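A.B. asks: Given next are the chains, with one letter for each unit.
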Amino acid sequence: MPEIVLLAFIAALISLDITPFGQFMFSRPIVVAPLFGCILGDLTSGIWIGIIVEFVWIGILPMGAAVPADITTVAILATIWGIKTMPNNNAVMVLALIFALPSAMFFKLLDMWIRKINVLVMRWVENGVKAGKIGRVSKGIFIGIVLFFLKAFVFYFAFIIAGEWLVGEVFAMVPSKVMYGLFLSWRFLPIMALGIMFRNFSPKLTSLIDGGKNARK
Amino acid sequence: MQESNERGLLKNIIFIKMLARSFFLQAIWNYERMQNVGFAYIMMPLIRHLYKTPAERSSAVLRQLGFFNTHPYMVSIIMGVIASKETQLAQHGQSDISPESITVLKKNMSGPLAAVGDTFFWAIWRPFVALVAICFALFLYKDGYFREAWFIPISFIVFYNIVHIFFRWWTFSMSYTYPQKAIGIISEIDIQEAIKIIKILGIFILVCALVVYFIKFGLNLEHMLVLLCIFTGTLYLTGRRVSPNIIFYSTIALGILLFCIRGH
Chain A
1 MPEIVLLAFI AALISLDITP FGQFMFSRPI VVAPLFGCIL GDLTSGIWIG
51 IIVEFVWIGI LPMGAAVPAD ITTVAILATI WGIKTMPNNN AVMVLALIFA
101 LPSAMFFKLL DMWIRKINVL VMRWVENGVK AGKIGRVSKG IFIGIVLFFL
151 KAFVFYFAFI IAGEWLVGEV FAMVPSKVMY GLFLSWRFLP IMALGIMFRN
201 FSPKLTSLID GGKNARK
Chain B
1 MQESNERGLL KNIIFIKMLA RSFFLQAIWN YERMQNVGFA YIMMPLIRHL
51 YKTPAERSSA VLRQLGFFNT HPYMVSIIMG VIASKETQLA QHGQSDISPE
101 SITVLKKNMS GPLAAVGDTF FWAIWRPFVA LVAICFALFL YKDGYFREAW
151 FIPISFIVFY NIVHIFFRWW TFSMSYTYPQ KAIGIISEID IQEAIKIIKI
201 LGIFILVCAL VVYFIKFGLN LEHMLVLLCI FTGTLYLTGR RVSPNIIFYS
251 TIALGILLFC IRGH
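Chains as they are written, first to last, in the numbering used here: chain A, 1 to 217; chain B, 1 to 264.
Read the hints as simulated data drawn from the structure, not as lab findings.
Possibly wrong hints are sitting among the right ones.
Said to hold, decoys possible - Quick look at which bits of chain B chain A covers, simulated, 3 or more residues with Cβ under 8 Å: (1) 28-35; (2) 229-242.
Unchecked claim - Straight-line distance between alpha carbons at most 20 Å, and here's what the computed EDC-like set of lysine to aspartate or glutamate pairs gives: (3) A/Lys139 with A/Glu126; (4) A/Lys130 with B/Glu32; (5) A/Lys108 with B/Glu32; (6) B/Lys107 with B/Asp118; (7) B/Lys85 with B/Asp96; (8) A/Lys130 with B/Glu100; (9) A/Lys116 with B/Glu32; (10) A/Lys133 with B/Glu56; (11) A/Lys116 with A/Glu126; (12) A/Lys130 with B/Glu56; (13) B/Lys196 with B/Asp118; (14) A/Lys139 with B/Glu32; (15) B/Lys107 with A/Glu126; (16) B/Lys85 with B/Glu56; (17) B/Lys107 with B/Asp96.
Quantities reported herein were computed from a predicted structural model and do not represent experimental measurements.
All C-beta atoms, glycine included, are put in the ideal place defined by N, C-alpha and C.
Kindly produce the complete structure, drawing on both the sequences and the hints.
C.D. replies: Take a look at the structure:
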């Protein structure tokens, strides 16, 4: 249990980089997956998960008021679940990735709730400023960061426990043929990720393949 | 002379405080007015310096609590221009600057600058730096392990943030010192040309990464052909705007299917 608390604490701390503080990109999959891989003793699997998640969802951008699916969550949970179930086993890493993706949607939902709660905090700040208490602006910033951290901590704590159990149970049940198939797909995922990246950099070149009907200008 | 030095020092302290606070812009990102509290928080050191009475300070902070949303790095340009306008309003009471005009200026700048930030930083610079780091990773892979693995995330963080932090500092210092010229200077930077160059470099690095991957992980000719099919298939599907989630799950399903059919 103390290990899970520590992992959830580090994950929540790094998640602050996504929205409330900095955007130094400490929260990108290419950084967080190797970090958790290093902490749990399987750096190689961590780097591969980082490469796959970073490239496959490279097109998901936080533009305007849209809340994109959180790929930091995919990278952190897949690395922790996979390595804690069985380190250095590529098939288990694929299994962990399969379950980590829907979890990111749940993190997105939580993020949207927090943004609604932030409206109440903002109004509390505004009412304070109207009453001459301008110090509420700094307090509001602090509350916003604490709320985001708590949300991320509770999320990671619950999902690390639930996901570790789920991946372990499924791993025990899956037929060996499927496990070997997952092992094979582990080598397919980076090349697929490179394909998505190619599209990102050269929509015109890649449009030769799809007939140029949907080339992005 | 001494008074001028003190004023310069004070200006520098306010500059550093505002720059440091700009990293908290999105701390209370809310659906009603988005980054408004974050922007007010950035402006607080200047407001405390410009206004001495609680009523004046309160009124100046309230002005900053209107709707505001931009790219988190681009705020450095807006806060420099707004800081300069607030200073003029407080110190000289210029007739051509009204509190309302400052609010309108802030709103008008946020949209176009957000588009530039999204296009350059999110869609081009970040993928490019990630690509460089990952290309290094593939070169460093040998016998089932990544040699010098620490270099991969560190190089990504360092290369990305050199541009990120320099951009924030440079644009803020310029718009804070020369608010009239700042937008002109920034608009003269040919971002489209920079994007074009980065894209060409990106394609070159991607081709290198692909060659390395095929050499290191293509077990035999048949395996290489399968990898090539997956690569072209991904290009086709992304061109058809198929979601990356579907491509991801389809690739895994293909791996299982191929093993079940071929048995190896």
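A.B. asks: Now tell me if each hint is right for this structure.
C.D. replies: Status of each hint after checking the structure:
1. 28-35: holds (count 7)
2. 229-242: holds (count 11)
3. A/Lys139 with A/Glu126: 12 Å, holds
4. A/Lys130 with B/Glu32: The hint holds at about 18 Å.
5. A/Lys108 with B/Glu32: 18 Å, holds
6. B/Lys107 with B/Asp118: Given pair lysine 107 of chain B, aspartate 118 of chain B holds - Cα atoms ~17 Å apart, limit 20 Å.
7. B/Lys85 with B/Asp96: Holds, at about 11 Å.
8. A/Lys130 with B/Glu100: 18 Å, holds
9. A/Lys116 with B/Glu32: Given pair lysine 116 of chain A, glutamate 32 of chain B holds - Cα atoms ~8 Å apart, limit 20 Å.
10. A/Lys133 with B/Glu56: 12 Å, holds
11. A/Lys116 with A/Glu126: Given pair lysine 116 of chain A, glutamate 126 of chain A holds - Cα atoms ~16 Å apart, limit 20 Å.
12. A/Lys130 with B/Glu56: 11 Å, holds
13. B/Lys196 with B/Asp118: Status holds; Cα separation ~15 Å.
14. A/Lys139 with B/Glu32: 19 Å, holds
15. B/Lys107 with A/Glu126: Satisfied, since the Cα-Cα distance of roughly 19 Å is no more than 20 Å.
16. B/Lys85 with B/Glu56: The given pair, whose Cα atoms are some 16 Å apart, holds under the 20 Å limit.
17. B/Lys107 with B/Asp96: The given pair, whose Cα atoms are some 18 Å apart, holds under the 20 Å limit.
Of the numbered hints stated above, none is contradicted by the structure.
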